[in-house]
Amino acid sequence: MRRYAFFPGCFIQVRQPHLEALSRRILGELGVELVDVEGFTCCPEAVTLSVDKMSWRVMAARNLSLAEELGLDILTLCNGCLYTLRTVNQELKGDEELRGRVNDALSVIDREFRGLIRVRHFAEILIEDLERMKAHVERPLEGLRIACHTGCHILSPPEVMGFDDPYDPVILDELVEALGAEAVDYDLKTLCCGWTLSTYGSREASERLLASKLNSMRRGGATAIAVICPQCFHQFDVGQASAARRLGIEYRLPVFYYLELLALAMGFSLDEVGYRYHRVRSGEVEEALEVIG
Amino acid sequence: MIVDVEEIDSRFLRRLKSEFDESYLSCFQCGVCSASCPVIEIEGRFNPRRLVKMARLGFKDRVLSSEYIWLCSMCLLCEERCPQGVRIPEVMTALRNLAVEEGYIPEPMRRIQRLLVESGRLYPIDDFTAEERAERGLPEVEAEPEFVKRLAG
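As given, the protein sequences belong to chains A and B, one line each in that order.
For the first sequence, the working numbering gives the first residue as 1, with consecutive numbering after it.
For the second sequence, the working numbering gives the first residue as 1, with consecutive numbering after it.
It is worth saying that the hints were derived from the structure and are not from the lab.
Bear in mind that the values here come from a model prediction, so they are computed numbers and not experimental data.
Ideal Cβ positions, reconstructed from N, Cα and C, are used throughout, including at glycine.
Be aware that one or more of the hints could be misleading.
Taking lysine-lysine and the BS3-like style, the derived pairs with C-alpha atoms no more than 25 Å apart in a straight line are [stated by the list, open to error]: (1) 93/A - 53/B; (2) 53/A - 149/B; (3) 93/A - 53/A; (4) 17/B - 134/A.
Stretch-level coverage of chain B by chain A, calculated; a stretch enters the list once three of its residues show a Cβ under 8 Å from a Cβ in chain A [stated by the list, open to error]: (5) 1 to 12; (6) 39 to 47; (7) 66 to 75; (8) 98 to 109; (9) 147 to 153.
Example chain B residues on the side facing chain A (calculated, C-beta under 10 Å, incomplete) [claimed, not checked]: (10) 80; (11) 81; (12) 87; (13) 89; (14) 116; (15) 122; (16) 123; (17) 124.
From just these sequences and the hints, can you work out the full model?
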């Protein structure tokens with residue numbers, strides 16, 4: 001199926017409209033049809049489950065029911081949205097008692113979760129049809145050495161997420177290499193980016209965690225980072241700038257949302273992919289792209 | 001850790017069992033979770049093994065009032081590695097939910113909740129962003145989803 005109920009997620013919609021616009025354009029060029037659904041709310045993000053897990057489920061189930069009504073699978077741009085929607089979808093499909101309780105809550109707005117659809121992440125769609133994507137690569141990104149950060153919430157638990165091995169994730173590396181770039185290996189590959197910690201735990205702690213990660217990527221010889229989640233993106237971009245200031249170290253590792261890299265490989269310029277909106281930029285990356293032309 | 005039996009509240013254990021799968025209490029304190037935890041590296045006082053033990057013992061007040069239950073970054077690495085199949089992040093979530101019920105809620109979480117009640121969005125949309133979205137031809141974002149406001153309230 002190449003037609004999806006599009007779930008951009010509220011973070012990308014509000015904080016990174018340029019990524020949303022680019023994602024729509026690139027997925028469109030690959031023949032993926034994105035249907036906008038009126039009434040989608042926040043997935044909701046996992047921090048809300050800290051306060052009340054039941055409301056988290058009800059909100060997610062309401063979103064799922066909207067896509068069910070259209071008979072479309074959901075396509076997300078975000079690991080967090082994927083985690084919430086896929087977890088709740090599976091939980092409610094398999095637990096009648098829980099589904100009953102959630103549907104009771106939904107009945108006040110005349111909605112019902114029925115368990116009819118699947119929830120997908122754009123990276124899954126791409127890897128499943130790698131040849132189709134490769135056919136669009138016009139400018140292989142030779143010379144870019146990229147550290148891949150898959151992100152925690154698309155990996156665990158694998159029996160629900162089913163994307164990649166949480167101990168040794170390689171799918172994103174495969175996607176990056178399909179663009180002609182080099183995916184570098186590094187020791188702290190499965191370490192969390194620290195984003196969630198920065199939102200309610202401790203920003204300072206989150207930056208120290210990020211610093212370990214960035215150091216490891218540097219040791220691996222990376223000149224840039226690839227992610228498939230807007231919040232990991234934010235942490236590696238804005239978080240990196242802030243960590244660099246606080247800790248007095250310049251990492252200079254620009255992060256790219258995977259679809260930005262794909263756009264570059266399809267021939268888009270740095271300007272067209274929105275590189276000017278990145279907080280962390282580096283001459284090294286700009287030069288590598290200039291050499292490719 | 002000194003165990004003061006007067007601190008134990010057996011009702012708390014019963015409550016926990018209703019919050020998640022009972023097998024999550026089968027922790028045998030091997031410490032793989034703490035050894036795997038990236039947060040410990042940067043905040044040595046955070047210790048998931050210890051929190052699970054305290055919960056298991058029924059130290060209701062001590063656990064629920066602990067600021068450390070809020071430090072888990074939900075990276076799920078411990079859950080991946082636990083040989084007993086204990087989903088520690090789910091234990092943390094249950095502890096947080098119960099802490100909120102008891103009125104222990106850290107200020108950042110309180111702000112997040114207030115945001116949801118007031119605007120129905122974790123990331124409220126301002127005029128500047130709404131304008132940028134329009135310029136890029138992106139669909140309008142519902143400013144204040146009523147259902148979310150009601151649910152959060």
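Practice problem: Hint by hint, work out which the structure violates, then give me just those numbers in ascending order. | Solution: The structure conflicts with hints 1, 4 and 5, although it agrees with all the remaining ones.
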